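Q: Here are the chains, one letter per residue:
There are 2 protein chains.
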Amino acid sequence: MVGAGMSPFGMFPERDSKDLFTDAFGQMLKSVDKGIDPSDIDCLYVGNFTNDLFVHQSHWGAILSDALGLVPKPATRVEGACASSGLAFREGVFAIASGFYDIVLVGGVEDMSKRTTGEVADGLALAATPYEQRAGFTFPGVFGAIATAYFDRYGASREDLMDVTIKSHNNAPLNPKAQFQMTIGDFMKKKIERARAKGDPIPEWSDEKEFLHDPKANPLVAWPMHVFDCCPISDGAACVLLVAEELANRFTDDALSVIGIGQASGSGLHAADNLTSFEATRCAAEEAYGMAGLGPSDIQIAEVHDCFSIAEILNIEDLGFFKPGHGCEATREGLTSLHGPKPINTSGGLKCKGHPVGATGLAQLYEIWEQLRQQAGERQVPIDNLSIGAAHNLGGTGGTCTFTILERR
Amino acid sequence: MVGAGMSPFGMFPERDSKDLFTDAFGQMLKSVDKGIDPSDIDCLYVGNFTNDLFVHQSHWGAILSDALGLVPKPATRVEGACASSGLAFREGVFAIASGFYDIVLVGGVEDMSKRTTGEVADGLALAATPYEQRAGFTFPGVFGAIATAYFDRYGASREDLMDVTIKSHNNAPLNPKAQFQMTIGDFMKKKIERARAKGDPIPEWSDEKEFLHDPKANPLVAWPMHVFDCCPISDGAACVLLVAEELANRFTDDALSVIGIGQASGSGLHAADNLTSFEATRCAAEEAYGMAGLGPSDIQIAEVHDCFSIAEILNIEDLGFFKPGHGCEATREGLTSLHGPKPINTSGGLKCKGHPVGATGLAQLYEIWEQLRQQAGERQVPIDNLSIGAAHNLGGTGGTCTFTILERR
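Chains as they are written, first to last, in this note's numbering: chain V, 1133 to 1541; chain C, 1133 to 1541.
Just chain V, with the same shape it has in the complex (with noise of 0.2 Å):
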């Protein structure tokens, strides 16, 4: 991995997904040290979940391939719903490892903020299976239901869940690609202001908890899920350039080595054993860490798939980083914190940089690359000998799972 590039991540009325997705390529143009002609690219992969529904319009491997230039090298898209680019990024890694290809394009694009909330929660659903999907779930709910027996199963409550929801926010602000840039102090502080300026009775709330606990400040969703235990509705975009690993110094000196990346799909909720594990993470886990000659304790930061808060703390025990059960301790310890043994979503995360589905899972090794490289500014996370990241990337109920261990040698 010799480059990667990202737009910002947000609610962007006046951008589609081809601005969004040139903004990232101009990016990661930038980022290739040693510079890289656009025309020696040999082919192109993109990640997209919604665009068939949201933009009323398909077949966004040529129409970018259009936009970038790059006509007529082969343009590929690939769906598998939220961990559409985890899937697209894998298909790169194939395509230069099978020889037929040298230098690789992975893209992912998603524009959902010119729909209605409803419109997006119910195209989202489409990535559950028919069972959950006619059962009349949405992501809310589901995840939901796996809250609730997460807490049945181990003990757990809202406020184990508000530890990552406290932390997200916290590193969020540190990242100026975030969707949102404020801490849950920001939050308050906000909301008070705006009450003194209205001339309403001024809220108190002790600490951070008790203001999430506030309904009025966040209220319920799908119980347990509240507003603050959810990832927002987002544009964005996420690319990065793969390159045959002889070829890499003639466009750097610092590239990321692809030594691990598994895969693995599972069948959903309604033939789940146990709801508060994922399957198709174990699996894919087991691949890449197999790949890896690695295991869990050598993974020194990691993004993983927070569409929920939920999903966090299920993330990162499948992942084998905390045991089952322990990953609420760990994470209300400070473990997973930006200065932490083992960072978890420096980035935000999908909760707070924002969760466009189709750019999360090259998102997420846009933020590897970042700190593994050093050039993660504030959000530089302090660990020494920084060598080891990896990305979690999570599709429907589970439905698709990538993960993916990167190495700066």
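Hints are computed from structural coordinates only; laboratory data are not their basis. Here the structure is a predicted model, which is why all the values come from computation and not from measurement. Don't take each hint at face value.
[Claimed, not checked] Some chain V residues judged to face chain C by a derived CB distance under 7 Å, without partners named: (1) Pro1140; (2) Gly1193; (3) Pro1206; (4) Val1210; (5) Glu1223; (6) Leu1258; (7) Arg1266; (8) Gly1268; (9) Thr1270; (10) Gln1395; (11) Ala1396; (12) Ser1397; (13) Cys1415; (14) Glu1418; (15) Thr1532.
Ideal Cβ placement from N, Cα and C applies to all residues, glycine included.
Since chain V is already given, all that's left is putting chain C on it; use the hints.
A: Chain C alone, transformed into the frame defined by chain V:
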């Protein structure tokens, strides 16, 4: 390629994507001469274009993986409009060539007939570029414009396109899985019988072309595309089993080798210098011919993407089978008929076999499998030493193309 299966193509109100894919999968399993244990399959690629819109369900990689009992094996959906499963096939080849996997299932499926014709026309237009779609083009309109340009450039006429239609309808009744089991002569007889039964005046046509000129029998869709120039709305699925070359003998002593495979993208009509040729086809063919060390004259039979009669003419010229402007003459002289020296679309083509868009690329390869292995029954081509066939799959208005050359050794 050691196995291939295909569901019947047609309009099946009682069958959904899972039914169709499971049918094709079951037939593929039976086609493997020495048998295959499905649990040995390493991963699944699925080509699908419209299920987000028409079936209101995405994430078909995971869903089909579950339906076939393949979970937790990786499953990836690929979309490139009507070339979706041509792309999926190529990813399957890469997955094996990369050394990641040995036994890969590649399938394609589409379920279109539960929607109205208007909904389908509108949905398929999402494959065109945004410029074409916003300009009001649907696909019959696009290919009508292309035909008009072709007529102007080469002095051809509707009569020339009728030769393509008549040929396709001659082949299809010999294919038990084709959607239309009738020659043009059969349609004429049926119309006459109906008129007789109703007591209407008995229509008189001197030959097939006079029938096709009759606007009551063959109404205009978008000039010069009439109903019999257009492929139908179809449901169907197809799949193949790919294995690493060194494993092929475990499954059959009569495998087909993928000796050339090309893919390219195009910008669409708004950017084309010439409407009578698709750049993506020419580039994909060049790549595949180069890989195989072969030229157009070495291809003994081919399935080409005849979504409209004019498309077959463009394709057989772009692939180098005939010189630009000579496709009509070749068709008129019978060179592309079942008993000609270069049989094209022996299956009946998209026009008569049907065009469940995401399944088409693999259904073409299924036909080449049947022909090269001398299993095509009544439509088996009588070519001595038949060993090399090819499939050409086109998406959108030339936005994506794959060209695949298979050899029986």
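Q: Are the hints correct? Go through all of them and say.
A: Verification of the supplied hints:
Interface hint at Pro1140/V: violated, since its Cβ lies 23 Å from the closest Cβ of chain C, which is beyond the 7 Å cut-off. Against a cut-off of 7 Å between C-beta atoms, the interface hint on Gly1193/V holds, since the closest Cβ of chain C lies about 6 Å away. The restraint placing Pro1206/V at the interface with chain C holds, with a minimum CB-CB distance near 4 Å, inside the 7 Å limit. Given hint, Val1210/V at the interface with chain C, holds; its Cβ is 6 Å from that chain's nearest Cβ, closer than 7 Å.
Interface restraint check for Glu1223/V: the shortest CB-CB distance to chain C comes to about 6 Å, inside 7 Å, so the restraint holds. Given hint, Leu1258/V at the interface with chain C, holds; its Cβ is 4 Å from that chain's nearest Cβ, closer than 7 Å. The criterion of a C-beta within 7 Å of any C-beta in chain C is not met by Arg1266/V, whose closest approach is roughly 10 Å, and the hint is violated. Taking 7 Å as the C-beta contact cut-off toward chain C, the hint placing Gly1268/V at the interface is violated, the least distance being around 14 Å.
Evaluation of the Thr1270/V hint against chain C yields a violated restraint, the C-beta minimum of about 14 Å exceeding 7 Å. A least Cβ separation of about 4 Å between Gln1395/V and chain C falls short of the 7 Å threshold, and the interface hint therefore holds. For Ala1396/V, the interface hint holds, since its Cβ comes within 7 Å of a Cβ in chain C; the closest pair sits about 4 Å apart. The restraint placing Ser1397/V at the interface with chain C holds, with a minimum CB-CB distance near 4 Å, inside the 7 Å limit.
The closest approach between the C-beta of Cys1415/V and any C-beta of chain C is roughly 4 Å, which is under the 7 Å cut-off, so the hint is satisfied. Taking 7 Å as the C-beta contact cut-off toward chain C, the hint placing Glu1418/V at the interface is violated, the least distance being around 10 Å. Look at Thr1532/V: its Cβ gets to within about 5 Å of chain C, closer than 7 Å, so that hint holds up.
Consistency note: the structure conflicts with the earlier hints numbered 1, 7, 8, 9 and 14.
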